[in-house]
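K.L.:
Spelled out from the first residue to the last, the chains are:
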Amino acid sequence: MPTTLHSVLLSKPRSFQRLIRISVHCFICCLLLLTSVDSAVAEITVTDDIGSRVQLQQPTRRIISLAPHATEMLFSAGAGDQLVGVVSYSDYPEQAKTLPRVGGYRQLDLEAIIALQPDLVVGWHSGNSKESIERLKSLGVAVYLTEPKTLEQIASNLERLGKLTGTETIANSAALNFRTRLQSLQETYQGRSAVRVFYQVWNQPLMTINRNHLINHLIELCGGVNVFADIDAIAPTISRESVLAMNPEAIVASGMGEARPEWLDDWRSWPGLEAVRSNHLFFVPPDLLQRQTVRVMDGAEQLCQHLQTVRP
Amino acid sequence: MPRSLSFLVFLLVACVLSLLLSLSLGSLPIPLETLFSLIASDSQSLYYNVVVDLRLPRALSAMLVGAELALAGCLMQVLLRNPLADPYVLGVSGGASVGALIAMMFGFAGWQVSGSALLGAIINMVLVFGLAHGRGSWSPSRLLLTGVVIASGWGAVISFLLSISHDTGLRGMLFWLMGDLSNSDLPGWDALIASVCLLVALALARPLNLLVRGELQARALGVSPYPLQMTLYFLASLLTAMAVTRSGNIGFIGLVVPHILRQLIGSDHRVLIPASVLAGAMLLMLADTFARTALSPQQLPVGVITAMIGVPLFLYVLQRRSRSGVL
Amino acid sequence: MSLLTTAQLQVNMGERILCSDLDLDMKPGQVWGLLGGNGSGKTTLLHTLAGLRDSKYGSVALFGQPMASLKNRERAKKLGVLLQDDQVSFPSTVLESVLMGRHPHLAPWCWESAEDRAIAQQALRQVELLAMQDRQIDELSGGERQRLKIATLMVQSPTVWLLDEPTNHLDLNHRIQLLSLLVAKVKEQQGCLMMSLHDLQLASRFCDNLVMMFPDGSTEQGSQQSLLQPERLTRLYQYPIQRIETEAGAVFIPQ
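Residue numbers (this note's numbering), protein chains in the order written: chain G, 1 to 312; chain C, 1 to 327; chain X, 1 to 255.
Treat the hints as calculated values from the structure; they're not laboratory data.
Do not rely on the hints blindly, as some may be mistaken.
What the hints assert, rightly or not - Some chain C residues well away from chain G (every beta-carbon gap over 10 Å; in silico):
hint: 1; residue: Asn49
hint: 2; residue: Ser182
hint: 3; residue: Ile309
Unchecked claim - Distance ranges between label pairs, derived from CB positions:
hint: 4; chain 1: X; residue 1: Gln201; chain 2: C; residue 2: Pro312; range: 52 to 58 Å
hint: 5; chain 1: C; residue 1: Met105; chain 2: G; residue 2: Asn279; range: 29 to 35 Å
hint: 6; chain 1: X; residue 1: Gln225; chain 2: C; residue 2: Ile265; range: 50 to 56 Å
hint: 7; chain 1: C; residue 1: Ser163; chain 2: G; residue 2: Gly191; range: 37 to 43 Å
hint: 8; chain 1: X; residue 1: Pro66; chain 2: C; residue 2: Val9; range: 18 to 24 Å
hint: 9; chain 1: G; residue 1: Arg277; chain 2: C; residue 2: Phe106; range: 30 to 36 Å
Since we're looking at a predicted model, the values are computed, not measured.
Glycine is no exception: its CB is placed at the ideal position from the N, C-alpha and C atoms.
Work out the full structure: start from the sequences and follow the hints.
P.N.:
Here's what the structure looks like:
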């Protein structure tokens, strides 16, 4: 706590009010600390996705999530009722919609975050601004950064978050469930013939993903091959012509509505494409593929079933 | 004028060759001899699809937009009597961008975005005209000031829209702002209007030569500057609006092409206008071809390429001229 | 017949009245001088006479027709004006520039013919710029540019010539030479000319008639002999001026 007070006094407070608020917060924290000094022997320590150690004296009570996928993960890990603030577009599960907002993940309202007095902030390494995260850390808030790049990391994130929030039982069983489903998909589709897949992230401009993207892992899990895996950029803008040149066996897209799959219909004007000729144009809801949460397993199952229809 | 005529013929030939080059280059390698036999071939083949349905509309769009921007830039420079003027200086692109971004925010795509962009451009035209015109006085500096201020107003609105928009939509918005020809259709009505604009501009070419010497001098030699300036304003704005509607904000063509040509062939607008149109069409088509093939299959924003070609070319011409003692 | 006339003409600049009730009558073969101090309104009056500026009161008529009823193009065929300022924003060659004088004589869409070019080159020769015809105009000196403007006016070949300080930037040799050339041309073609001058010697040498614009807004006109007198000149320039007769003509010396 001394570091917190120190940094508050050193950093130029934007408003006097805020300083007061933070001071009160610190004071309460000090009180809490004093009362729990005896039980604080068992420290909780985990390593987050970027390798930083996150240390807590006791399991969390007030958590703020700085990314939609983090919100969802916390709910999966059984810590949903500890959430006191979330960023915009945290729309799953249903309860998340009613939680107080602390700005968008790119433009965080630091004041609102501090005012909510969190004991843990779960951030998004590549989504949140580094300056905001640094500022939160300097104000003495514990920050856990997520960056799930693989399916395994989603499971391990659940376990680590469960440890921090004191809900290991629920979190570990959710992680186990995730791993079981993952393994079952792996076993089912591993030896099957490869399906050449084009995954369309966006329509205008036409964008796809490369080998480092989580969706690429899902495609591989289903025994598919991402035709643009070798491009350097993680989410490259590509030409329509290059899709024609690659001539994929299946086109999967998420961005548009399920009822009106305009993006997929656009491809129908290219009857020369193998995927179009055999009508292998698939829709998978974007939330099931593009959000790094346990729901990607639902997306993966849908994707695998779609790709299975491509095989002879 | 044999020298300027041969220059125009040279540009025309270069334009046609660039079109052939643009049609033959892409992610899918198509040999040149196949390209010529395609016209007679079956419309279901992949080659035919790629060349006729993808590359041709894109190349022709690039030519149209390049021509529109270069012509608009040329006219805008005369109107404002300022060699630094470009088609966007009076805020037409800002208005169009705001229109397009708002449409995108509401989840629209395709022609709705274009329509909204055109509406934004027209609102800007009326706004700048009304405010600069004010109580009857109309001077290049007043017009320029009004336009620049309104353009920066649009800039603020654009920043606002970008900062409140959802992440997924942002990609499309930024790409639109940088200029994008990848989804262009074959030019239609806008090519027709642009041709009419070109004809009008050619008819006005000689009076324009006088107008650049100042309104008083133009009047002294028998030109009525006021109707001429109005026509210029509307031609340039309309051309810019159509270009922005088709392709988003592609920079540098409108500034650099007329300027380089003025350095090379002088300021006789009877030659400069057709030369600008041809050179603008060619430069943007080449830039777009480069944008889609350089890192293929990745696409680069064409505006980046026009700047990358335009800036050194411009500086080179400027250097060469200043070494010979002019400017 | 009168070429350029004014009736009850008043010229203002904003609220300020520069001259009023001016009745001018310029007849074929006449050369007029316009004298006045700085800010007396010589340029504004010339612009009004040239139809480049509307007058609040009174009228200007060219060949008997009201100036306001004439189209710009029609006017430009008969009346030419040499402006003081000249704007060069874009590159252009000397020949291109001088050919602009042909504009009122060419139909729309027409290019200059060989004949037009011959006229232009003839004018360039007369102002001694023919050797520079392919030069860029921004390479010219001030005096050369002034000669280029005079050549452009000669190419326009109007009947009524209005010159705003034609001797600006010119050296002594070119002042005499070019004014003699212009005056000879006007006399020969039975046109008329009015020029604003600051040089009384030139005024007495080349002008038949004078208009004087006094600081109080009044004007006087008459033959140069009658107007170029010490007391009037002193009133005009607010500075004592002496007139000395010599064999070569009158000389004016400020005290």
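K.L.:
May I ask which of the numbered hints given earlier this structure violates, with the numbers listed in increasing order?
P.N.:
1, 2, 7, 8
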